[in-house]
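Start from chain X and add chain B with the ligands according to the hints.
These protein sequence lines are chains X and B, in that order.
Going left to right, the first sequence walks through residues 1 to 180 as the numbering used here numbers them.
Going left to right, the second sequence walks through residues 1 to 569 as the numbering used here numbers them.
Hint data in this document are derived by calculation from the structure and do not stem from the laboratory.
Errors might be hidden in some of the hints.
[To be verified] Think about it this way: if two alpha-carbon atoms lie no more than 27 Å apart in a straight line, the pair counts; the simulated DSS-like pairs of lysine-lysine are:
no., chain 1, residue 1, chain 2, residue 2
1, X, LYS169, B, LYS162
2, X, LYS151, B, LYS240
3, B, LYS36, B, LYS8
[Stated by the list, open to error] Pair ranges (Cβ atoms, derived):
no., chain 1, residue 1, chain 2, residue 2, range
4, X, GLU122, B, PRO11, 45 to 55 Å
5, B, HIS557, X, LYS148, 47 to 57 Å
6, X, GLU96, B, GLU214, 21 to 31 Å
[Unchecked claim] Which stretches of chain X does chain B cover? Using the computed rule of at least three CB atoms under 8 Å from a CB of chain B, they are:
no., region
7, 8 to 15
8, 39 to 52
9, 58 to 67
All of these numbers come straight from a predicted model, not from anything done at the bench.
All C-beta atoms in this analysis are idealised placements derived from N, C-alpha and C, irrespective of residue type, glycine included.
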Amino acid sequence: MATKVVERKPLSLAERTFLPQIVSGLRVTMKNMFKAPVTLEYPDERPDIPPGYRGVPTLVKDPNGREKCVSCQLCEFVCPPKAIRITPAEIPEDAETAHVEKAPEEFEINMLRCIYCGLCQEVCPEEAIFLQDIFSVTGTSREELVFKKDKLYALGGTLPDSHFKWDKKKADELAGNPHH
Amino acid sequence: MSEGQEDKRIPIYVDGEELKVDPGTNLIDAVALAGKEVPHYCYHPKLSVVGNCRMCLVEMGMPGRDRATGEPMLEEDGSPKIMWVPKPVIACATNAAPGMHVRTESDLVKECREGVMEFLLVNHPLDCPICDQAGECRLQEFATDYGRGYSRFIEQKNVKPKRTRLGPRVMLDDERCILCSRCIRFCEEVAEDPVLGFVDRGSYTTLTAFPGKELANNYSLNTVDICPVGALTSTDFRFKMRVWFLKETDSIDTESSVGCNTVVGSREGKIYRITPRRNDHVNDTWMPDSGRALYKQVEAENRLTGYSIEGRPCSPDEAFSLAATLLKGHRAAIVGSGRLSVEEQYLLRRMREAVGGDAPTFLVGRTGEGDGKLLSADRNPNTRGALLTGLVDTLPKEDLHDLAHLIAEGEVDTLLVAGEDLTQAGVTREQLKRVQIVYMGTHHNDTSSVAKVEIPVLTVFEKSGTFVNQQFRVQKFAQAVPGPKGVLFGLSNYTRLLETLGSPRRIAPSPSNVWKEMAGDVPEFADLRFEDIPRTGTVVDDSRFAHLPFVEGPGFHFNPERAAETAGA
Ligand code: SF4
Ligand code: SF4
Ligand code: SF4
Ligand code: FES
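This is chain B alone, in the form it adopts within the complex:
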């Protein structure tokens, strides 16, 4: 705590141990700070509290005060007398108050948990072997902790609909549902598309979509993530792979400048799913459905996997040296991409310097409608990276008619295109045929088909690096799977081409080395090392770009007006 700012935290006592927490902290989170877990199903830190599962029962007490005098009541030894609430209370609906005592491990609490578990399991099917949630199922976990191990229920179990299609991406198995209502609250509070609800009563209560409605919004798969059991499953991931085989890698959603933090689940070089990663400054615990399908690009049919010159396969070195000959001594132009990582954009800038320094450089803009949540209007994940690294100094345009003009005038001989299809950006195929193209990209497209040199590069899942999101937050992503066979690893394609172009110094092809180079060239990155960027990212100074009219509207944790104000201040 800095001076002048008093410590507002209050003491609470978890199983007798003192702990300082912010006033009003939810008791479940407070106990988690003490390194203990209060088992819970319905509570979710980013949703409203309903308290309907009763799994989080704990014993709670407050220091007593004399009713007549208001004096604190003391034990004989002088310690405050704790007035325990006679019955257990639910932790999720309790906020930490000064001096509060909690018992999370007493016999009564354990008995409560065992009782709740037994009731939850009464009608639960024995589906674990065929249930996609197995391995990350809270019910399974707490059943091993507090379950009885056998069933006293001899009556016939409830039958509920299985395999209900709730929407295009979500399947529901009602028998597995424990009625925590997290999905209902999510749809109402976060997705703002209330389509789910409970019908019937008692043990026949059933989750369902309202008549004529379906769970089709672009956030529907978050319900699958927050479902503590296997009731909601993703149609895409369903029955594909067991979660315990999945290697989890931190990544970033590349579909817009929000930069949702994600976890990529892969096994033996194949990606199976993408789920959100909690970052309270960016995406809380959510992400759009559209970003979860992006892994399919890795194994797409039109993936570029080999180096070639005019369509004939060649070795990487041949491709680089021809590319260098084409770029050097000719009038070259560069088309970068807002989908490249910061490191790649910086290396492109260095390539421009190596070919002469005044090559006109373009960035292809991509805009869509922002949804006010986690999908922003700028559909490039790294527009700000291109600005920071000095690759470009204006906002990208969707239509590159300036470039088309230059080509038509015959002022450009060679184009270095990094990962973009220029035919989609206002340059015609005929115009492209008039210049020599060096194409570096992940996939084949109309531009690569007329390119002289094709250099295959890696997708976001196959390399590590950084993106800068709309908040000017530098966020890291890590390599989840190896790249296609034959494609140079990491940033090698860029560093080797740069070397062939005659750059004075060799740069080892890893992000941390490129960051060392950038420290000297980019003032905002001067004291930042790649290794020091935390998992949740770090915000860099944006005052150099305060005058630019960025396209993003407000969204979660982002307000363009406020961002502009703080930058101006």
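Next up, chain X with everything else stripped away, as it sits in the complex:
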């Protein structure tokens, strides 16, 4: 391969003393010494998480404490890296929420696989899974990073609900048919 020789400009006298460069460097340092810092003292200080942030996916309960997920497995289906694994089950007939019929027996999200895309939140027909503000996921083993149902509910907490679909359904059931 042919070599191309790049011509270099010779340095001027000022450049050869390096003084102008040192002075301009010091000026930048001085300016920043008196400005408010932009970094945080993590983990003592935590950033404000803007709304819409896609953190760790979590399961939420409605304000009555009912678990919202009905184990429809749509999130399991849509999840691109196949991080979600659900074992569906029937709600026993004597339970208070028996009219919902179905709930997850186990719900696992493998946080080593999750890519935080938010598709599970988007697809959920029951508004049961949300990517909230948790951004730090650590653990000492692979198993620990497969989040189980309890952990997902503990992380998710309760979110406001604007539908109360199942409560309405139960009320309808109790009211019966209008002309019957």
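Relative to the frame of chain X, chain B with the ligands by itself:
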């Protein structure tokens, strides 16, 4: 069309395109032949037509004829003038007639469908997330095609019973029922056990079992299959898995010699359900409930999963070589099974040839009462395979006293048992202890517990192969799930044992290779390749066995007398 046989098909025009169909074809099926779909709920090709859902409305017209002269009326350009019926008609109650024109995509037809959908959804619950039908629900599908996307219904929805137990295997959710009456007609016309009916009127119409009756017949789960919505669900499959995760594999029901065609739904190596597959020559679109539970054998507690010699685990090669030593040079007898595939039965025959050729061979018969439908008296799926492959030449007996006799006389030293429990077939444990047993089977049983060598093999769901049903129809089944860890795949157990016995040629352990071998040995299979057997099976010549008194009585698509006649002719 062969010569001398005129083409009786008639022309009809679907959205202007000409199509030849048999006269009298139901319009829904005729349009399907044109590659288009008329959405429908209540119509089912194997049930009577009731026309109560109104989803299949289309526009229909016939070429006009002058009333006075009877001459065909023509347009100005000379084409026949079509007299369109002023209102839409239901396609399911219309049979194709010569020159018939149908519009399936016009604005009027679309409007009809949208209207019907809106009414159907008025009282329908928003249950899709918890509904087992989601993913294979006709209502869901047509709601995406013709639904409005929001509801104009502000009144209170109807409340109907949910979670009704209709029978031991079927649950009913009345709110989801769209009153198509398919299940009612099925019970009456096919299962001949009319226990379902509608009560109340108008939008309060409710499906229910008659007082004191329950849907318990052995065909009850077919109602779940034909229910276009999630109203009828299977107690066994309920809430277990979403249908869109299920991998579907063609299989065959092994509970009797009918050989119902089935589809096995599995996910990640676990089977979740078995449903019937349409085969108009065998089982139409139905199958018995009893055959749907057979997948449970795959994960049964007593499943045999390891090779062993006298109960001690060993490697496959050790098991094969000991088995070969026991079989060769001793007086051996072979007990085959009517539950083995054709390929396995043929390889057993080859093993017999390898050990000397005159080893007495038995097959364990299994009979029950035939129900005149899809459960025949012969409860072996593949008795005819054993005959065709030459493993045996007589019909199997349930009681192997001949074998018991041979053992008692001390005329047998070694038994090769393939998948049968001899203690159930008239041979006592004490007798079994007097011989050396090589047991090849899927499960532990009393015979395997006294066996010298145990060789685990695969169930029908874990291998592919063929069965020959009562009509002498060779039917293929495919592998749905992988076999247990450590068990050799496919036909390897059989081919490797055959090799160890010193068979001259190696046979690769796949059905298609075994079929190549069989072509030379079985006259009926001479020009048949495994790859060429169609999905619906192919009937082979049965004249060699016409003299045998098969036990089956008449059933769907099977009449033993007619079968005997055609064979004799
Ligand atoms: S955020 Fe995306 S990757 Fe993570 S669990 Fe949800 S769907 Fe899967
Ligand atoms: S999509 Fe929602 S309701 Fe369905 S399984 Fe996932 S979290 Fe549960
Ligand atoms: S029957 Fe169909 S439309 Fe109705 S809830 Fe079930 S899946 Fe949804
Ligand atoms: S399919 Fe024709 S009316 Fe139901």
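The hints, checked one at a time:
| no. | hint | in the structure |
| --- | --- | --- |
| 1 | LYS169(X) with LYS162(B) | holds, 12 Å |
| 2 | LYS151(X) with LYS240(B) | holds, 23 Å |
| 3 | LYS36(B) with LYS8(B) | holds, 23 Å |
| 4 | GLU122(X) with PRO11(B): 45 to 55 Å | holds, 50 Å |
| 5 | HIS557(B) with LYS148(X): 47 to 57 Å | holds, 52 Å |
| 6 | GLU96(X) with GLU214(B): 21 to 31 Å | holds, 29 Å |
| 7 | 8 to 15 | violated (count 0) |
| 8 | 39 to 52 | violated (count 0) |
| 9 | 58 to 67 | violated (count 0) |
Of the hints listed earlier, those the structure fails to meet are numbers 7, 8 and 9, in rising order.
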